[in-house]
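Take these sequences, add in the hints, and give me the full structure.
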Amino acid sequence: MSEIGYLRRKWLNRIMSALSSAAAGLAILVLALILGYTLAHGIAFLNLDFLTRAAGPVGEAGGGMRNEIFGTLILITLASILALPIGLMAGISMAEFASPKMAYAVRFVADILAGVPSIVVGVFAYAIVVRPMHSYSALSAGVALAIIMVPVVARTAEESLRLVPNSMREAALALGITRSRAVIGVIMPGAMTGIITGIMLAIARIAGETAPLIFTALGSQFGFQGLTKPIGALPLQIFRYASSPYPDWQQQAWAGAFLLILLVLGISILVRRLSNRRQS
Amino acid sequence: MEGKTSAIIQNMVSNDNEHRTEEGAAHLEGEKGILEVQNLSAWYGNTLAIKHIDMSIKSRAITAIIGPSGCGKSTLIRCLNRMHEVSHGGRVEGCVLLDGKDIYARDVDPVVIRRRIGMVFQKPAPFPTMSIFDNVAAGLRLTRLWSRRWELEDVVERGLRQAALWDEVKDKLNLSGSSLSGGQQQRLCIARALAVAPEIILLDEPCSALDPVATLKIEELMRNLVKEYTIIIVTHNMQQAARVSDMAAFMMMGEDRAGTLVEYGLTSQLFTNPKDKRTEDYITGRFG
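Protein sequences appear in the order of chains A and B. Under the working numbering, the letters of the first sequence match residues 1 to 280, in that order. Under the working numbering, the letters of the second sequence match residues 1 to 288, in that order.
To be clear, the hints were calculated from the coordinates, so they are not data collected in a lab. Note that the structure is predicted; figures quoted are calculated from it, not measured. No residue lacks a Cβ here, since even glycine has one placed at the ideal position from N, Cα and C. Treat each hint with caution, since some may be false.
Said to hold, decoys possible - When the alpha-carbon atoms are kept at most 35 Å apart in a straight line, the in silico DSBU-like pairs for lysine-lysine are as follows:
no.	chain 1	residue 1	chain 2	residue 2
1	B	Lys172	B	Lys227
2	B	Lys101	B	Lys172
3	B	Lys101	B	Lys123
4	B	Lys51	B	Lys275
5	A	Lys101	B	Lys123
6	B	Lys51	A	Lys101
What the hints assert, rightly or not - So these bits of chain B aren't anywhere near chain A, every CB distance computed over 10 Å:
no.	residue
7	Asp54
8	Glu151
9	Asp167
10	Asn237
Structure representation (structure tokens):
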């Protein structure tokens, strides 16, 4: 082994280590900047008024995003009601019942669906719900968000179910339990933390979606007025206020952005704790 | 050589029990089997795993299936309660008659068969999300819409007593099944299988993951259970087969790598006076 060759390899090793550390540092730095910047701008306006009052008219100081926060929660609930049964059943079918070919096909389709740009999903929901009903509505936004949720829920449910050892399935079947009862009574409980993790990840994903809401929820200052009426949502309001010329609204947009980040971050931390518990 | 061999085996066999008296043995030979395996072959995909197996399993006796690794012992026992078809690509030809009716007939639901023929696997597999109580009750709970609590309590206690586990766990029925030791977990699995009141119990190498003390406990348990149940055990441990079984079957892989039944008969005869040269070679430790 030549001395020069050794030195070259040693330095190459050091350079590559340094480069990958720098890349990792950069990724964390970006996150820290986003968090820090929104925190610095938003925290001052994130007060009780912001959480409990409705948006005021232009020029009037004060007002908050109560209706939009409530709207986002309604949309999340609506999307979950629509998406969870379909997503969970699809995941169960892929992991437990479908033939390998069928499971492959469904998985492939789910992955494509997960990759569809959210604005396209919004246009699709506009075409199948808004147009026929002649109105922007909370329902159509729920449909759009549900379409985004389904593949995420289905894939994570499938993967968690597959992690349950086969010996559990066989032990259940050998007791004379039917397949579906075994899935509900034995396999699903074993996969529950993973399934819940997936559901929360999907919720975190849709909580911040803005594009599909433009064509569907439209936005409204009056809070929830029924499933068939437009509804406001946090990301929509942030978009509207941030691009408005009024400083008061811009400040509120910062506060809203901060709140949204807190929401998503909170869900992520919860997911982390859940999946840590699963591992231990 | 011959004399020495049989002396060793004789020793192995005669360690136990009075259950294998001459009359008892004659009784076993005469009786019609509760399970009749007829010309059974099984595949995994395109791979033939066992072929042309014929054997008649006697009621209320322990039948041991022995043989070297990969000879299809587990495949055979899994065919007896239709668990083989659960494996990927599992396929079966031939018949298995339970009380004279083919369990592979079109109109037979495997769920019903598995209810009558329970199974315990090699690795103890208590349901990790369930308590000890729920584990034993699982078979009943998950086959009915609902059950009365006192009824379940009865069944659980009876199952655990039969599996000789009651005294060890009666004060911690709410603890998770996976908190028990390996041997206790395996007895929990036996209790779970017994709780649904099967007629036949299949044990697929139930002791291979256990230490000698736990193994002995399970063997004692089997001798007790055989008064009420028919037991079929797969084991690669010949001493175990000699100690506990009434009937023994020796399987081996043929030249086409498919398992065949070489010899089947009374344990005392198979171990002391094997008819087939290959059986003798195996039990004297010349291969396998």
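Query raised in the report: Quick one, are Lys51(B) and Lys275(B) close enough, alpha carbons at most 35 Å?
Result: 21 Å, holds
Query raised in the report: Keeping to a limit of 35 Å between CA atoms, is the pair of Lys172(B) and Lys227(B) held or broken?
Result: 29 Å, holds
Report task. Evaluate the condition: distance from the CB of Asp54(B) to the nearest CB of chain A exceeds 10 Å. Result -> 24 Å, holds
Requested in this report: With a cut-off of 35 Å on the C-alpha distance, tell me whether Lys51(B) and Lys101(A) pass.
Outcome: With a Cα-Cα distance of about 29 Å, the restraint between Lys51(B) and Lys101(A) holds, given a limit of 35 Å.
Requested in this report: Please confirm whether Asn237(B) is truly not at the interface, meaning its C-beta sits more than 10 Å away from all C-beta atoms of chain A.
Outcome: At about 21 Å from chain A, Asn237(B) clears the 10 Å cut-off, so the statement holds.
Query raised in the report: Would the least Cβ to Cβ distance between Glu151(B) and chain A come out above 10 Å?
Result: The claim holds: Glu151(B) sits with its nearest Cβ about 17 Å from chain A, beyond 10 Å.
Query raised in the report: Given the hint that Lys101(B) pairs with Lys123(B), does the C-alpha gap stay at or below 35 Å?
Result: 31 Å, holds
Requested in this report: Take the C-alpha atoms of Lys101(A) and Lys123(B), compute the straight-line distance between them, and say whether it is at most 35 Å.
Outcome: The given pair, whose Cα atoms are some 30 Å apart, holds under the 35 Å limit.
Query raised in the report: Regarding the assertion that Asp167(B) does not contact chain A, is the least Cβ-Cβ distance greater than 10 Å?
Result: 24 Å, holds
Query raised in the report: Does the alpha-carbon distance linking Lys101(B) and Lys172(B) stay inside the 35 Å limit?
Result: At roughly 42 Å apart (the allowed maximum being 35 Å), Lys172(B) and Lys101(B) break the hint.
Figure legend: structure checked against the earlier numbered hints; the only hint not met is number 2.
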